[in-house]
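Hey, can you work out the whole structure from these sequences and the hints?
Chain by chain, the residues run as shown.
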Amino acid sequence: MLTAPTSLGIIFFPAYDWAISPTHPEREERLLYTQDQFREEGLFDIDGINEYRPLRAEDTDILRAHFCFPTIEAVCTESHRISAGGAIRAAQLVLKGETQRAFALVRPPGHHAMKVVHGNRGFCNINIEAVMVEWIRAHSGIRRIAIVDTDCHHGDGTQDVYWHDPDVLFISLHQDGRTLYPGSGFLHENGGPKAAGRTINIPLPPQTADTGYLKVVEEAVLPILEAFKPEMVINSAGQDNHYSDPITNMHFSAQGYARLNELLKPDIAVLEGGYSIKSALPYVNLGICLAMAGCDYSAVREPDYAPSRLRETPDTLAYIDELCGQVRDAYFHPEMPPAKKEGHFFVRERRVYYDTDNIIEKQREKLKDCNNCQGYRLIQTESSSILPCLGVELFHDSCPVCESEAHAAFTDKHGNSLVAQLMDHKNRDYRYRNQN
Amino acid sequence: MQSTQNSKHGMRIGIDIGGTHSDGVLIDGTRLVAAAKARTRHDDLLASINLLLTHLLAGQNANWVQCINLSSTLTTNAIITGLVAPVGVLVSGGPGIAVENYRIGSQFHHIPGSLSHVGEETSPIDMDALDAALATCQADGINHFAVIGKFSPRNPEHELQMAEPARPTAQVLCCGHQLSGRLNLGRRINSTYFNAAVWDIARSFAAALKDSLHAFGLQHAEMNILKADGGTLPLARALEAPVQSILSGPAASVMGVLATMPLQEDVVLLDIGGTTTDIALFAGGQPLLEREGIAIAGRPTLVRALRVASIGIGGDSYIHVEADGVHCGPERLGPCMAAGGDAPALMDAFNVLGRAKFGDVALSEKGMATLAAQQGIDAKELAQSALSAAATAIETALRGLIDEVNSKPVYTIHEILEERRIEPRQLVLIGGPAEVFQPLLQEKTDMETLCPQLASVTNAIGAALCRSTSALVLHADTSRGWLYAPTLEVSKRIDRNFTLEDAVTEAKDLLKTDMAEAGIKLADADMQVTQADSFNMVERGYTMGKNIRVSVQVKPAVLGSTKPSSAVEVVHAK
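Which chain is which? The protein sequence lines are A and B, in order.
According to our numbering, the stretch in the first sequence is residues 1 to 436, in order.
According to our numbering, the stretch in the second sequence is residues 1 to 574, in order.
Hint data in this document are derived by calculation from the structure and do not stem from the laboratory.
Keep in mind that a hint or two might mislead.
[To be verified] Computed beta-carbon distance windows for the label pairs: (1) B/Asn536 x A/His333: 46 to 56 Å; (2) B/Gly312 x A/Glu98: 20 to 30 Å; (3) B/Val529 x A/Glu226: 31 to 41 Å; (4) B/Asp495 x A/Arg431: 53 to 63 Å; (5) A/Asp357 x B/Glu501: 26 to 36 Å; (6) A/Arg428 x B/Gly284: 41 to 51 Å; (7) A/Pro307 x B/Met544: 22 to 32 Å; (8) A/Thr313 x B/Glu501: 49 to 59 Å; (9) A/Asn358 x B/Glu489: 44 to 54 Å; (10) A/Pro314 x B/Met544: 56 to 66 Å; (11) A/Ser298 x B/Ala309: 33 to 43 Å; (12) B/Asn536 x A/Glu98: 28 to 38 Å.
Nothing here was measured: the structure is a model prediction, and the numbers come from that model.
Note that beta-carbon positions come from the ideal geometry of N, C-alpha and C, so glycine has one too.
Here is the structure:
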């Protein structure tokens with residue numbers, strides 16, 4: 001019988017009683033065939049691979065990562081709490097040393113959920129990786145974390161959450177935004193003014209297959225990780241880059257995905273998208289599990305796997321070759337356009353569209369440019385469905401001046417915000433202030 | 001309540017062949033009539049059975065015996081000692097973990113060919129490879145075969161295709177889908193292999209047993225074989241699935257407790273012996289089953305079993321002092337010193353502290369004093385530390401088991417929010433040293449500890465009063481328009497409107513009919529639905545049909561409650 005050289009905890013939570021809608025890709029049986037495959041393989045009979053149940057994310061867990069308006073309940077259901085709780089359980093297993101690695105095979109996904117949440121975008125409400133990362137920071141001395149997002153769609157939510165955080169390296173490998181939702185994730189999106197080069201986007205051409213993906217990992221991702229020296233590596237393991245996925249155009253395979261995880265050696269993997277529930281997920285998930293546990297995965301392949309039909313054209317490979325160089329530059333020599341400034345504040349104004357819930361959000365973000373600390377930020381946000389709200393985030397190393405300014409902004413009763421939420425990482429104070 | 005067809009007279013015999021002792025009881029209705037104990041003769045189990053029957057039936061009318069339930073070590077010992085028939089194992093794998101990892105036996109052959117997780121053929125069976133494998137088996141003189149296909153509970157076709165050419169030379173041929181409807185290729189391979197390997201042993205024993213029963217005038221009685229899940233299987237069925245009879249010993253004890261004392265709550269049962277303590281859990285008075293199945297000879301199987309955890313703490317666990325303190329067990333070096341052993345054991349510690357008066361207390365005191373002197377401590381202090389180490393080990397194990405059961409994975413939001421946790425407040429202690437352990441565990445666990453005065457033949461009472469158990473898995477796919485129950489080899493067409501309720505009814509009917517064929521009448525209340533799921537199958541945004549999974553079981557239970565009467569003396573047969 002098999003023994004896992006690296007112990008692996010799997011939080012398998014298929015949420016068989018939850019769907020966005022009856023025929024939506026994000027529906028009840030998404031992980032059904034994966035579970036059948038796991039059972040038939042006897043995955044949990046492998047010595048060193050064990051199954052765990054998820055925790056439930058509490059209010060504080062969510063408020064550490066998100067500004068939820070008008071309330072947590074309005075944007076987050078039990079399913080999201082348990083999915084995020086699955087990611088938290090994965091982190092807990094690794095932090096406590098119960099298992100060396102962990103894989104949160106949970107749904108619904110989260111990587112399109114941004115810092116501010118008004119509803120569902122791209123099938124996501126709560127960013128389960130971000131909730132997990134902030135849980136890790138609150139429960140250990142770990143700060144420096146790398147998230148490698150291999151979902152086929154740009155992880156715009158995770159990018160947004162960590163845009164200004166120099167201690168989180170976010171790398172997204174995805175199908176070029178000119179050809180796929182959400183239409184972002186270009187090379188020049190390279191991190192906020194105080195976190196240059198900490199956001200790395202790798203937009204891959206359609207039909208990229210195993211060779212191209214693994215080339216990018218070996219020639220761009222791994223050298224960057226080596227330089228960043230994270231205390232922990234997380235893989236946002238979306239599986240919609242598979243050649244059989246119905247809503248994307250890539251050619252990645254179970255073998256490729258397993259090899260990717262063997263190279264990346266993530267401490268934690270978290271399932272994101274992936275909607276080829278019969279033809280891809282059972283094999284890709286099995287490949288990831290075996291690779292993370294250090295087991296032989298050579299016989300894991302899709303029944304219709306034909307690598308010769310999936311190969312990239314020479315042009316595509318040449319393009320990817322060039323891309324690898326540009327990606328390395330994005331980390332080692334980031335070129336930042338001058339940021340817009342008002343006084344001591346960097347200012348960003350934008351609109352965010354929530355496709356699933358059809359909400360348009362208008363946002364104005366001010367980041368204090370402080371010489372003594374990372375500063376603080378104020379996000380004024382309103383949407384097509386609610387009046388202006390205010391989010392105040394105070395970073396863990398904020399200086400006393402920034403701290404008092406941020407608190408003053410939060411308690412200001414003369415502001416025009418309907419709801420204000422404080423995210424004080426320094427004092428670990430996470431709460432709402434409601435104005436009448 | 002489940003009943004049997006021939007119930008003119010209600011006498012039942014229960015026999016439990018254990019590692020050292022064999023116990024037997026004769027029960028009339030729920031009244032204990034006779035009890036006997038004999039040493040187990042491993043070289044001749046039948047002799048032990050005959051000896052017990054002679055005593056049980058003395059002065060009784062054998063015609064009144066309605067059934068005989070037997071728990072024996074026959075198949076277990078054959079597997080553990082490796083004295084089994086050589087088996088040719090033919091496995092079709094497919095994408096996933098490489099089949100080679102499941103290798104078992106000397107003739108293990110991977111036959112290319114595969115089915116997907118929904119049971120569709122993704123590549124055909126390689127008939128040339130199959131012929132070559134069979135030729136190799138033939139050259140080796142093999143005529144027992146185990147045929148296993150990946151995903152055969154979804155579709156038995158590949159197993160049947162592989163079995164076909166083996167048939168002419170096969171004396172024994174077992175297919176995986178006949179043994180269990182549950183998914184798990186590795187366990188299916190092990191189960192099917194063991195089933196073929198012990199087939200002959202079970203048959204020849206049954207034949208000899210039948211002759212023997214005839215000689216006792218018991219030819220009209222139903223013969224049932226006990227299983228590890230605390231239920232029985234009619235002999236004819238047991239001969240088709242002899243692997244089901246492995247490791248039934250702990251189940252006999254657990255069911256015996258259930259038959260002799262009322263248990264309604266969440267309860268922990270500790271069966272304390274000389275070498276080990278077995279821990280079992282009851283939820284609302286019902287014994288808990290293993291999630292997947294029991295393991296034997298280090299190999300996990302799909303054989304259903306009561307969940308029993310075993311730890312190396314018992315009266316003879318030897319006491320040793322290490323750098324980090326006093327330890328007790330898990331090894332046993334021999335009997336305790338009070339019983340003539342060479343090294344101080346847990347029972348000696350009880351003796352030294354005046355908590356027990358077992359055997360020769362002076363020998364315990366001498367041994368403990370010697371070990372204590374080596375460590376420069378007082379004998380009583382050493383004894384106290386040993387007891388506390390043993391109590392901690394037991395408590396840790398039982399908490400671990402409770403946690404494990406309570407943290408079993410669930411797959412719906414509803415289950416997470418509405419789950420019922422098992423929170424035992426009662427600890428029932430049985431076994432030889434139970435009474436001695438009682439105050440110790442009472443202090444340690446904060447649970448109410450009971451030490452019922454059970455007959456030394458409780459396990460045989462359990463065997464006698466077990467009822468038949470069974471399980472059935474049904475899978476229906478309305479888009480393909482068919483339904484399949486692998487173990488019964490039932491497949492039939494269904495229409496697009498087939499519902500989950502229809503599937504549950506169908507599964508119950510199939511199980512009921514099958515049990516009736518074996519002579520057992522089931523009421524609806526005897527059956528328990530353990531899974532009933534229906535999923536929409538959506539392709540390209542359209543609902544194509546439903547994927548339905550139903551599991552039904554007859555849960556383990558006892559047929560009545562027996563009060564062991566002091567009027568019945570346990571005869572020690574020689």
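These are the hints, each one checked on the structure:
Checked against the given bound of 46 to 56 Å, the beta carbons of B/Asn536 and A/His333, roughly 51 Å apart, stay inside it. Between B/Gly312 and A/Glu98 the beta carbons are some 24 Å apart, a value that agrees with the proposed interval 20 to 30 Å. Checked against the hint of 31 to 41 Å, the C-beta distance between B/Val529 and A/Glu226 comes to roughly 54 Å, which is inconsistent with it. The supplied range of 53 to 63 Å is met by B/Asp495 and A/Arg431, whose beta-carbon atoms lie about 57 Å from each other.
The beta-carbon spacing between A/Asp357 and B/Glu501, approximately 35 Å, falls within the hinted interval of 26 to 36 Å. Taking 41 to 51 Å as the suggested C-beta distance range, the pair A/Arg428 and B/Gly284 conforms, at roughly 42 Å. Under the hint 22 to 32 Å, the C-beta atoms of A/Pro307 and B/Met544, about 30 Å apart, fit the expected range. With their beta carbons about 54 Å apart, A/Thr313 and B/Glu501 fall inside the hinted range of 49 to 59 Å.
At about 52 Å, the beta-carbon gap between A/Asn358 and B/Glu489 stays in the expected band of 44 to 54 Å. The supplied range of 56 to 66 Å is broken by A/Pro314 and B/Met544, whose beta-carbon atoms lie about 40 Å from each other. A beta carbon spacing of about 36 Å between A/Ser298 and B/Ala309 agrees with the range 33 to 43 Å that was offered as a hint. The given range of 28 to 38 Å is respected by B/Asn536 and A/Glu98, whose C-beta atoms sit roughly 36 Å from each other.
Hints 3, 10, counting from the list given before, are not met by this structure.
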